[in-house]
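K.L.:
Heads up: the protein sequence lines correspond to chains A and B, in order. For what it's worth, this note's numbering labels the leading residue of the first sequence as 1, then goes sequentially. For what it's worth, this note's numbering labels the leading residue of the second sequence as 1001, then goes sequentially.
Mixed in with the good hints, there may be bad ones.
Lysine-lysine pairs mimicking PhoX-like chemistry, simulated, CA-CA at most 20 Å apart [what the hints assert, rightly or not]:
| no. | chain 1 | residue 1 | chain 2 | residue 2 |
| --- | --- | --- | --- | --- |
| 1 | A | K156 | A | K182 |
| 2 | A | K98 | A | K227 |
| 3 | A | K98 | B | K1108 |
| 4 | A | K156 | B | K1108 |
| 5 | A | K227 | A | K156 |
| 6 | B | K1231 | B | K1199 |
Derived by calculation from the structure, the hints in this document are not laboratory data.
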Amino acid sequence: MTQMAATRDAYGTTLVELGEENPAVVVLDADLSGSTKTGLFAKRFPERFFNMGIAEANMVGTAAGLAAAGKIPFVSTFAIFAAGRAWEQIRQSVAYPKANVKIVPTHGGVTVGEDGASHQSVEDIAIMRAIPNMTVIVPADAVETAAAVRAVAAFKGPVYLRLGRNKVPTIFDDSYRFEIGKGTVLVQGSDLTFVTTGLMTAQALIAAERLKKVGISARVLHLATIKPLDGDLLLDAALETGAIVTGEEHSIVGGLGGAVAEFLAEQAPTPLVRVGVNDRFGTSGKAEELLKYFGLTHEGLEEAAHRVLERKGAR
Amino acid sequence: MHRELIPTLEEKARNLRVSIIKTLHRSQSGHTGGSLSAIDLITALYFHTLRHRPAEPAWDGRDRFVLCKGHAAPAQYVALAEAGYFPKEDLMMLRRLGSHLQGHPDSKQTPGVDVCTGSLGQGLSQACGIALGLRLDGGDRRVYALMGDGELQEGQVWEAAMSAAHFRLDNLCAIVDANGLQIDGEVAKIMGVEPLGDKFRAFGWHVIEIDGHDLGQILAAYAHAATVKMKPTMIIARTVKGKGVSFFENKAAYHGVTPSDEELPRALYCLGCGE
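Please build the complete structure, drawing on both the sequences and the hints.
P.N.:
Structural data, given as structure tokens:
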């Protein structure tokens, strides 16, 4: 039985550990500390936690000021309110000065569920990726999240670390070493490569296993860091397998699929199919229902694999 | 209060006005009116109130200054150059490609600039964050934030105003350079922000209203703000846009217009230089 854990839970507990280790770590939230799990830090270090109320623009600016005073601020709310509401504050007050601010939203993507489109951020990776100086990371599971939270705390500069609401399968074990900007080949393969991020990587592992049974050898390249993109592993995948399927819990516009398309078009034109939310808003429903509804499943990836292989074969 | 300092600071402010005019005439790009309205407030900070070390810009014990109305960068730049943060010749490169003097303040490039500003409404939030951070570390370091009155139309300012009072940031002193004008005309006609004193009092601030060109009142306000406990202080400084150059004064048209070749000698004459 696969172990299940939410990335936001790993975030909350790791933040408390960081708080113990480093007095410069401070945390800001916008009235969602119970959901984002920063409440754990608030309880342990009340003097270093700032509930900014429902005012995300000011929260991001305040975090930039705390960084200017030598602190390491972690800023949390839902992804749509961090990246969306406070985009220009992130650009001007955080990224432009290279402020040491860690923006760590939870509730990215459609697995927000019942709250519906207003709360489901499917554009945040694209708009964060467009900002110079920004690093964008989407961990696949709780183990990688804990490692990534530690890595971004040690990294000097702005980071957008996108987490989710729901429990997801734990695919990494404690031996896993996370490095910002480095991808991980989880399964070797020669016919095509699944290039995935976030919760879609677990789906890619299932898809690769099932495709193997019908004689298709699929590589799985997990890219937790979407910016900067790991061009080496991506180029290997393009040249060695000749077909790419991207998968992300995000719009197919501008996110991982967009980044990979840009890279391949310039470096190694390769048949590509992007699996993601097909340029539309989310909708209400249970998280698991929504993943199926939007095709963010291993079945969706397998179907895309067959399509990309047809195009590869036609070349 | 150091009454004897006032004539010296007045002379300093006059010289900095001259420097602003020459700098903006050279660059032929930048914001004249709001730099001249703010320069007395900035002069008092850099040459009396702020604890800072121009030879050691990153000195940990320094007070902080945030120019929220980043378009008045020329006023901050001439003060920094006068204080010795960088050579005065650098001012002649304002807004040029490759210059460390960007159109709006850039903390990565200009010695003495702590915060990137220029997008209105974001500075006060950053000042609040610095004030929170300095308070966590203890000590008596203070933060000064200079805003424009047109800038107060930005909603984020009021989010920040709310939080500064909520967190009882008595190490924060904000100043409004209330010159009454913005790009398109009078603030009162574009989108009124008054009554400013009542608004900030209602938000939980200690409010002081002064003449923003009277250095005695300015120094007294900064000194008084430092004694206020459990509340941030807002100094509402009534100013004249373009102050010191008669034909620029109170003219919205000179918000983002620089002195022409023909205007330069007349402007310097107004400031007591030349013919």
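K.L.:
Compare the structure with each hint and give your call.
P.N.:
Evaluation of the provided hints:
no.	hint	verdict
1	K156(A) to K182(A)	17 Å, holds
2	K98(A) to K227(A)	15 Å, holds
3	K98(A) to K1108(B)	8 Å, holds
4	K156(A) to K1108(B)	14 Å, holds
5	K227(A) to K156(A)	15 Å, holds
6	K1231(B) to K1199(B)	15 Å, holds
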